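> Here's the letter readout for the chains.
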Amino acid sequence: MSLERFQAVWDQIREQMARAVVGQDELVHGLMVSAIAGGHALLEGAPGLGKTLVARAFARASGSAFKRVQFTPDLMPSDVTGSSVYDRQAGDFSFVPGPIFCELLLADEINRAPAKTQSALLEAMQERQVTVDGVSRPLPPTFIVVATQNPVESQGTYPLPEAQLDRFLVKLTVADPPRDIEERIVRNHASGFDPTDLSAVQAVTTPDELAALQALARSVRVDDGVISYVVDLVRRTREDRAIELGASPRASIAMMKAAQVIAASEARDFVTPDDVKPIAKAVLRHRVMMHADAELQGVTADERIDDILRAAPVPRVT
Amino acid sequence: MTRATGRAHARAVGRVASCVALIALVASPVRAVGAPALHAPDDAARASADLRKDPKYAFCTKPQRPLGPRQAALCPLATDLDGCEGLRAACDVPAPKVERSTRWLDDLIASLGVVAQALVWVLVGAIALLVIIPVVRALLRSRREREADREDVRRPVEVHAHAPTDEASAIGDAASLLSRADELARAGDHARSLSLYLSASLAALDARGAIRIARHRTNGEYVRSCADAGARAPLRDIVREVDGVEFGGRPATAEVSTRARSRAEAIVRAAGVVALLVGLVGCGGLRKPGTVDDPAGGELGVAVLRAQGLTVSKLDRSIATLPMPAHDELAPVVVVDMEQTVLEDDAIEHVMRWVREGGVLVLFGAPSRWPRDVGATETSASGRELRWVWYEDDDDEAAATSVVPIRATLARGDALQWPGAAPLVRVGDGTYAGARIFGRGRVVGVATSELLTNVSVARGDNAVMLAAIVQSAASPFAAAVDGAPDPNAHRTIKMARPEDGIPPPGNPFAALSRAGLDLGLWHAIVATALLFLAYGVRHARARKTPPPTRRAFLEHVRATGAFWRRARADGVALASYARFVEERLREEARGAHDPVALLASRAESPDEHVAAVWEKASAAKERPDERRAGDLSALGELVRLARRALYRRR
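The listed protein sequences derive, respectively, from chains A and B. Per the working numbering, numbering of the first sequence is gapless, rising by one per residue and ending at 318. Per the working numbering, numbering of the second sequence is gapless, rising by one per residue and ending at 650.
Do not rely on the hints blindly, as some may be mistaken.
Short derived list, chain A residues pointing at chain B, Cβ under 7 Å [said to hold, decoys possible]:
1. Pro159
2. Asp223
3. Ile227
4. Val231
5. Thr272
6. Lys277
No wet-lab data here; the hints were simulated from the structure. Note that the coordinates shown come from a computational prediction; the quantities given were computed from them, not determined experimentally. Glycine residues also receive a C-beta, built at the ideal position from the N, C-alpha and C atoms.
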């Protein structure tokens, strides 16, 4: 696997996704970075902005087995992980795998499920295995969770605990499309586009190749100066007076991994600060807890991260 | 002075003036080496014809349209002028008539003028408010912030953005960085030289505003944000090389350094060229020569005079600030077109003093516009033909006819009457131009400014006449009068601009006043004084700092009161305070007494009034959550009564 092949696959996946997804470039880019970095993605946005479509399109273009679970308040952990069922013929319990046994799990409206069910994902997300009845069952190596949540409705929801939020490599916010993009979306639908039928999106890679891409991305060189820059950004979130709880070292690792993917997507075998900055907000925004005073004053995590990015000097020799 | 004596004096002046003219006209071809040579006035006709071949002089072929009154007045000069068909055609077009507005329209316009004036004042008021409101708000905010600083409570977090630190000054000058990078490259330190090539490129781009250097910006951001499309590609290449070495661990070879150098040099050089272009354009140095299409302009006349060998330039300073010539100095000739330049009183006073000290002033235009001290008046002439007066003496008719005549044609016959002046040019039986001595200098006056105009100078004979007049003014007259003429010297010619007749303001207030902003200035002064009295005095006054404990308690009480007020808990406040007052009264009285009677007695207030207040307080104590009208005023009154009853010194 070469970097040129990496770039070619990257471009082909984007091209295939563009057949189904109009606009949402940042979302597509962020999801691809997250998936190839082997991280999970949390998508936040109002309903109807194409979050599910993007996830499905990526799964299809990357040839990944895709499963979707609609999270509801009565969803049980076993509904996600699977459970042991008594087999009369065999006279024994046999394990019936849940939807989590796939390569891309779409956890739709994840914050509608209670903490117990959400926590069922923790092991899968961190260890890439599921333990049911004391037996650990591995998940595919390229397994990722793409979760969505709606920021508008708060009634009857269970906010994700910090520990679980930290498991997501990126949190991508989905904004309303600009007018021209929206008109294109409507035109596409008027000309017969069916979002449930993604047959137009072809698989341009395989899960095995995806794993190879992940391995190649991990081999991209990260200079000490860049590592220092990444750590500086993360540590600044802990020193910021508007932030109650800053990002953990896991955030530093996530940022570095994401930057490696971005560098590889440009067929570059080393990371520059330019690869770090664009992804910093997506990596950090869900990992910081704002101070109550700051929240009362309407300060958002994105604004503080922007300030941190503006304050942190970029490493240079001169 | 008798009439005969006056005539004799005039003749004497005339002889001197004519002799001076003669010196200027005849001596110029034999001028010695070392002084710029003046051509004979006759050459002006050829110079005018040659200059007109330049396509930029389009006032004859493609004049500006429609012609204005000043241009139209020159039309007679174009009737027999070769190559002036365009101007003749323009002259044939009747001037657009301005329809006389009807009376109702005049009234409407007049009333609209009043409305417009009122709107302007409203606008001025709005602008003043726009200025004052932020100032007042800033003052109030700063006061609030200072008060908040004193509060011993937890401050809200700072949420303002960190200002990006400017790194441009650290990077320094592009050229010096480039040379430093070259030195490092020659010394074999290619890694650092590479970085410096990037720094030089960034500094150059920053200097010309294509990027903004800041320490938080990445190299890629510089490339993407570069406003100079031409520099973006080489900058991207340099960034790629530098990133590869700095972050990619690639070796910094001489080849890489050379590549970066060529690109950085291109960027830095381009920046220099841009700066030069900006500078030149800003100075007007690269301004495309404008087409001279105004028949009444003066460009061709200036060009002809320069072709004659005269040093002609703009005055570029106010006439009111002309430096007084030294005794042995050959002061310049200042040419003023009085149709264009209006001399203010200060300028007139100064320029006449300057003339008496040895300066030469040439006035073109109607004598009614000249300084009164010059003493000329305008009159009409019997013809339009001009002729140069070589020697005007009744006894020397033969001498007068022995020289080559210089003649010219006017569009309109105007003349002047100038007692005490020697005539230089005659028009019909009147004087068109003359010269008069003032002190050590002289004034040369020409009755109209026609000779300065392009269409006039386009006529060869008129060009000769203009050259003759100006050359005679440029002759070293002062030296000749003193008996030591220097035929090799001539004065420089300074052409006054329309604004040169206005003396420069002595101070900023005078400048504002001259611009008609004196009323606004007074408003600003009054507004500033009011602002100072309203807010500035408080800031300026030294105040004694109260003891911190007392201040903290006071602020606590105030904050609690403000909190209650915000929470609309007036009843709670009244009930609490009433309990406090009752408790204190009982402590003071050391026993069970009627609080109303005690309060009325100690506060020296009527029982009925105190009873009414206490009744409201009692109601508040029973039902503090209930909202009642007047609780707040009752609280205020109870505070007043309690203060008198409990804290008054006895």
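> Look at each hint and say if it fits the structure.
Verification of the hints:
Taking 7 Å as the C-beta cut-off, the interface hint given for A:Pro159 is violated, the closest approach to chain B being about 22 Å. Because the closest C-beta pair between A:Asp223 and chain B is about 4 Å apart, less than 7 Å, the hint holds. Hint status for A:Ile227: violated, given a least beta-carbon distance of 10 Å to chain B, over 7 Å. Checking A:Val231 against chain B: minimum C-beta separation of about 15 Å lies over 7 Å; hint violated.
This hint holds: A:Thr272 has a C-beta 5 Å from the nearest C-beta of chain B, less than the 7 Å allowed. For A:Lys277, the suggested interface contact is upheld, since its CB lies about 6 Å from the closest CB of chain B, less than 7 Å.
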